[in-house]
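With the sequences and hints as input, model every part of the structure.
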Amino acid sequence: MKKIIIGILMVACGVLISSQSTFAHVLVTDETKTKGAILHIIPDDDPVAGEEATLYFDTQEQLSDAKVELTIENAFGDATKVETSKDGSLVTAKYTFPVQGVYSVAFTLVSDDARYVFNQSQRVSRGLSTSTLTQPSYAWAEVLLLASGICFAVLIIIATNRRKDIAKHSTF
Amino acid sequence: MQIMIQNLLNNSRFYILAASFLLSVAVISFFRLQIPSDQLYFIRTEQVFGLLGVLFWYTALVISPIGYVIGKHRIKKLEFARRAIGVSAFYFVLLHGSIALWGQLGGLSELQYLPTLFKWSLLGGTIAFSILLFMTLTSFDKVVAFMTYRKWKWLHRLVYVGGVLAVLHIWTVGTHLAYTNVQIAAFVALVTLSGLELYRTTKLLNEKYFHLDKTEIVTLYVTSWVLVSALILLTPTFVQNYHSRHNDHSNTTSGGGHQ
Chain A
10 MKKIIIGILM
20 VACGVLISSQ
30 STFAHVLVTD
40 ETKTKGAILH
50 IIPDDDPVAG
60 EEATLYFDTQ
70 EQLSDAKVEL
80 TIENAFGDAT
90 KVETSKDGSL
100 VTAKYTFPVQ
110 GVYSVAFTLV
120 SDDARYVFNQ
130 SQRVSRGLST
140 STLTQPSYAW
150 AEVLLLASGI
160 CFAVLIIIAT
170 NRRKDIAKHS
180 TF
Chain B
-18 MQIMIQNLLN
-8 NSRFYILAAS
2 FLLSVAVISF
12 FRLQIPSDQL
22 YFIRTEQVFG
32 LLGVLFWYTA
42 LVISPIGYVI
52 GKHRIKKLEF
62 ARRAIGVSAF
72 YFVLLHGSIA
82 LWGQLGGLSE
92 LQYLPTLFKW
102 SLLGGTIAFS
112 ILLFMTLTSF
122 DKVVAFMTYR
132 KWKWLHRLVY
142 VGGVLAVLHI
152 WTVGTHLAYT
162 NVQIAAFVAL
172 VTLSGLELYR
182 TTKLLNEKYF
192 HLDKTEIVTL
202 YVTSWVLVSA
212 LILLTPTFVQ
222 NYHSRHNDHS
232 NTTSGGGHQ
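Going down the list, the protein sequences come from chains A and B.
So the number in our numbering is just where the residue sits in the first sequence, counting from 1, plus 9.
So that you can map any letter, position 214 of the second sequence is 195 in our numbering, and since no number is skipped, the others follow by simple counting.
No lab work stands behind these hints: they were computed from the structure.
Quick reminder that beta carbons are idealized off the backbone N, C-alpha and C, glycines included.
Please note that a few of the clues may not be correct.
Okay, derived cross-link-like pairs now, DSS-like style, lysine-lysine, Cα gap no bigger than 30 Å in a straight line [said to hold, decoys possible]:
| hint | chain 1 | residue 1 | chain 2 | residue 2 |
| --- | --- | --- | --- | --- |
| 1 | B | K53 | B | K132 |
| 2 | B | K132 | B | K57 |
| 3 | B | K195 | B | K53 |
| 4 | B | K132 | B | K100 |
| 5 | A | K103 | B | K100 |
| 6 | A | K177 | B | K53 |
| 7 | A | K177 | B | K123 |
| 8 | A | K177 | B | K132 |
| 9 | B | K123 | A | K173 |
| 10 | A | K76 | A | K44 |
| 11 | B | K58 | A | K177 |
| 12 | B | K57 | B | K195 |
| 13 | B | K100 | A | K44 |
| 14 | B | K132 | A | K173 |
| 15 | B | K57 | B | K134 |
| 16 | A | K90 | A | K76 |
| 17 | A | K95 | A | K44 |
| 18 | A | K173 | B | K53 |
| 19 | A | K177 | B | K195 |
| 20 | B | K100 | B | K184 |
| 21 | B | K123 | B | K53 |
| 22 | A | K76 | A | K42 |
| 23 | A | K76 | A | K95 |
| 24 | A | K76 | B | K100 |
| 25 | A | K177 | B | K134 |
| 26 | A | K42 | B | K100 |
| 27 | A | K95 | B | K100 |
| 28 | B | K134 | B | K123 |
| 29 | B | K189 | B | K53 |
| 30 | B | K100 | B | K195 |
| 31 | B | K184 | B | K57 |
| 32 | B | K189 | B | K58 |
| 33 | A | K90 | A | K103 |
| 34 | B | K58 | A | K173 |
| 35 | B | K132 | B | K58 |
| 36 | B | K189 | B | K57 |
| 37 | A | K42 | A | K103 |
Listed next, the stretches of chain B that the computed footprint assigns to chain A, with coverage defined by at least 3 CB atoms under 8 Å from CB atoms of chain A [to be verified]:
| hint | region |
| --- | --- |
| 38 | -18 to -9 |
| 39 | 19 to 33 |
| 40 | 59 to 71 |
Encoded structure:
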């Protein structure tokens, strides 16, 4: 019976983990800290250089009379104005990040009486690259991953050796 | 001291709790090595801990009704381990919430900028988390002995209220639930759990109050299961999923702007 339960749980995990892509939400606040927008990028909030990405800005208010601008700037200061489309409170844009790198995404919302600028730094670390993007080093993560793996192996060995005692004591 | 260590090493709950902690350390360090972007790192770890929290919570919930259906003696070791599984669920949900709040959002002050649906969803998630915290704090043997098992058991039924709130929280802002295969898996899991719980509830109620014959009780059970399943199926009609909106939009928008 235990095997059946564990099997069912593993199948459920597999189905959940096997989903191809995921949405997520990144909260971006404007420069004056007055408004918040939710940014989504497809695919996976992790765009691939050389492949078209879709950017969604949920501004949380109707944009029928507002003017919307989207500018994407690379690390060398070259800025590209990106065409956008509006649907209620949602602004959609399609953009192909040319190469890997860190880009500044500036989303500007202009209404009759106010102007709001939302800035977000977007790292593109997949796809085409002209030079190797500096990879931050995380020595602590390497140590922790190794240590947790060793501890897990030790835990399994102890549990296996004591399986009869565990079975005897771990019951009501 | 030596006896204490011996007892600990002979207790299956210790291994579940230790494995959960090691798993969390492995997830945190593995994703840090794999994902250079801080923003994406917080998103992925928050998602994985949320998923682990749900899986452990579901396992803790489903053990008891399974035991009732097939006989408690058959899964008595799992029944014993259940408390540690529940505490692990709390631990993963705590990590999920902490990363979402301080990593992904940037602190409590940023909550004001979120859309209304997010705020309601987070409120539901916070209440569910508080219930899980309360369950964890009262999970010690001494507390059970102090309260008496009967009262403790009644108190711990709050976990089902927390479960419903967690489902609503996941449905409204959960990222993976925008996809059909995950929706089907979640639906099957919830219908199974409700079927098992209703079996236990209707049988107990019948023994205590209704005293119906076999045909009547089967009819009552099947009807209530179909109704609950329909209610689960209709959740998307009554409660909006934030991400479905963008999914629908990406499917219908064919010619957006280009660079």
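Item to complete: Starting from K90(A), check that the Cα of K103(A) is at most 30 Å away, please.
Response: Holds. K90(A) to K103(A) sits at ~11 Å (cutoff 30 Å).
Practice prompt. Count residues of the region 19 to 33 of chain B with a Cβ under 8 Å from any Cβ of chain A, then say if the count reaches three.
Written response: With 5 residues in contact (Cβ-Cβ under 8 Å with chain A), the coverage given for the region 19 to 33 of chain B holds.
Worksheet item: Between K189(B) and K58(B), is the straight-line Cα distance small enough, at 30 Å or below?
Response: holds (28 Å)
Discussion item. Need the status of pair K95(A), K44(A): alpha-carbon distance at most 30 Å?
Written reply: Satisfied, since the Cα-Cα distance of roughly 18 Å is no more than 30 Å.
Discussion item. Next pair to validate is K95(A) with K100(B); report whether the Cα-Cα distance is within 30 Å.
Written reply: holds (24 Å)
Practice prompt. Please work out if K58(B) and K173(A) have their alpha carbons no farther apart than 30 Å.
Written response: holds (12 Å)
Discussion item. Hint check: K100(B) vs K44(A), CA-CA at most 30 Å. Holds or violated?
Written reply: Satisfied, since the Cα-Cα distance of roughly 15 Å is no more than 30 Å.
Worksheet item: Do the alpha carbons of K123(B) and K173(A) lie within 30 Å of each other, as the hint requires?
Response: With a Cα-Cα distance of about 26 Å, the restraint between K123(B) and K173(A) holds, given a limit of 30 Å.
Item to complete: Quickly compare the C-alpha distance for K189(B) and K53(B) to 30 Å and report which way the hint goes.
Response: With a Cα-Cα distance of about 20 Å, the restraint between K189(B) and K53(B) holds, given a limit of 30 Å.
Worksheet entry | Satisfaction of hint between K42(A) and K76(A), Cα-Cα up to 30 Å | holds (19 Å)
Practice prompt. Starting from K177(A), check that the Cα of K195(B) is at most 30 Å away, please.
Written response: violated (39 Å)
Worksheet item: For the pair supplied as a hint, K42(A) and K103(A), is the alpha-carbon distance within the 30 Å limit?
Response: holds (26 Å)
Of the numbered hints stated above, those contradicted by the structure are hints 4, 14, 19, 20 and 30, listed in ascending order.
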